[in-house]
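So you can see what is in the structure, the chains are spelled out below.
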Amino acid sequence: MEVLQLVVYGIVTGSIVALGAIGVSLVFSILRFAHFAHGDVMTVGAYGALVGVTLIGVTPMVAIPVAILFAVVAVLVAEFCLYRPLRSSHPVILLISSFGYALILRSAIQLVAGPAPQVFKSGIQIPYRFGEIVIRPDHFWIVGGTILIIVALHLFLSRSKFGKAMRAMSDNMDLARISGIPAYRMILITWVIAAALAAVAGVFLGMDTRLHPVMGWRLLLPVFAAAILGGIGRPYGAIAGGFIIGISMELSTMVIDPGYKHAVAFALLVLMLIIRPTGLFRGTSL
Amino acid sequence: MALLDATDVTGGYGGADILCGLNLTLSRDEVVVIVGPNGAGKSTFMKAVFGLVNVRAGSIVYDGRDITNNKPEDIVARGICYVPQERNVFPSMSVQENLEMGAFIRKDDWRPQMEKIYELFPRLAERKKQPVGQMSGGERQMVAMGRALMLEPKLLLLDEPTAGLSPKFIDETFRQVKRVNALGVGILMVEQNAKQALAIADRGYVFSSGQNRFEDTGRGMLANKEIAEMFLGG
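Protein chains in written order, with our numbering: chain A, 613 to 898; chain B, 779 to 1012.
Chain A extracted, bound-state conformation (with noise of 0.2 Å):
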């Protein structure tokens, strides 16, 4: 019974990483470089969230407007002054440049709502049992949104003309200009997409514990695990991976102690990388 509660968490943990995971293999299949900000663009969403959560008095899941709102103008500012003018240097520049950018915004973070942790709502919620097997009500939200999103994206991603045009830049660049696709527009539509995930993630992952200023950093970890596991570039590995990832950590806990959790992502990334680098689809090179 124990694993099957577990099972529970890791879905819930999943359904986290696998939201930010997606972004990050988006923005890596359609401008070519790990996008290191990603945590800390969570963190800015479940800010976000906070502030409709406080100011309005909203639940967090009514606040996630707001929240993707924060995220996105984070990326898109950091797209203008940053991403922008470095695209054409070499993307190592860029990677490192997105690593000062989680600095910026982490720390901004830090100083406007304070070091100290903060809860959407205080209080204790009542679980439903099922036999044996605890769930909150927030981790149906969770799971439950998740999926619905997962289902959009793939909407998107398979129906619609823009959606479409997202994967024929993810599959050949210069062959998407060559026929005219838009090539900065889908560019700022992939931030959009990502940014938006990533708050939801950051919302998601206050609603499982709580918010921190360093909450989505130590996510980064495992999402970039997940898109690796699923091979960089392809946001339907990036699911799987989430999942793979989000289900080993938790059921980790029985055998170690929790606070190892995060070495059983790398160590799984670690372990990829020297099976099979390409992740389980094989994903995008350079």
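None of these hints come from the bench; they were simulated from the model.
Don't be surprised by glycine CBs; every beta carbon is placed ideally from N, CA and C.
No incorrect hints appear here.
Straight-line alpha carbon distances no greater than 25 Å define the calculated BS3-like cross-link-like pairs of lysine-lysine that follow:
| hint | chain 1 | residue 1 | chain 2 | residue 2 |
| --- | --- | --- | --- | --- |
| 1 | B | Lys-906 | A | Lys-773 |
| 2 | B | Lys-946 | B | Lys-906 |
| 3 | B | Lys-906 | B | Lys-894 |
| 4 | B | Lys-946 | B | Lys-894 |
| 5 | B | Lys-907 | B | Lys-885 |
| 6 | A | Lys-773 | B | Lys-885 |
| 7 | B | Lys-956 | B | Lys-894 |
| 8 | B | Lys-894 | B | Lys-907 |
| 9 | B | Lys-849 | A | Lys-773 |
| 10 | B | Lys-894 | A | Lys-773 |
| 11 | B | Lys-907 | A | Lys-773 |
| 12 | B | Lys-894 | B | Lys-932 |
| 13 | B | Lys-973 | B | Lys-1003 |
| 14 | B | Lys-885 | B | Lys-932 |
| 15 | B | Lys-946 | B | Lys-956 |
Facing chain A, according to a computed beta carbon distance under 8 Å, are these residues of chain B, among others:
| hint | residue |
| --- | --- |
| 16 | Val-854 |
| 17 | Tyr-860 |
| 18 | Arg-925 |
Since the structure of chain A is provided, determine the placement of chain B on it from the hints.
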């Protein structure tokens, strides 16, 4: 009036000039083939027409308008489509999606054109849903041409469409080029299989070291012993 009129085109990728004053004209509905040794600037010239290479001097006039150094996305919108030699499909996408991407900038209904392309390439009609990455070289080449034709271009630029294909597919590709041309599309083609290409060409050009060396009708070039010996492999 010529559909395409390139005069003294000079330029390259920023370093030394690769194109050193090239001239070429193409009338409506014509098939024109450029042959010549490696490094002659054939592909580079084609890229220059499409705005992918910087033209330092000279001019490229298309349909009465100067398009020299225009951006590729503007040139596409004017009705010139380009099929690169390599990486000319979206491998993880289906045949149908590849064609749709070709029509990305169209605002009108492109479905009739897609039907026309399926009529032109019946093999593609059988495999609409198949990812192009799983298809053979010859089939990919059909997808690549199909994608370019989705915009109903007046001029199609083909960079070595038969490179790497088996002899059977080489013949088929040339037949298809001829059929596309019969739809009223002008074709400018760079080819290594020079003899076969000239056999379907209205006119041919020989480029060498970034300069014009010779031009004649396709038939005339094939009949010219000197040209055959020097440039067409004997």
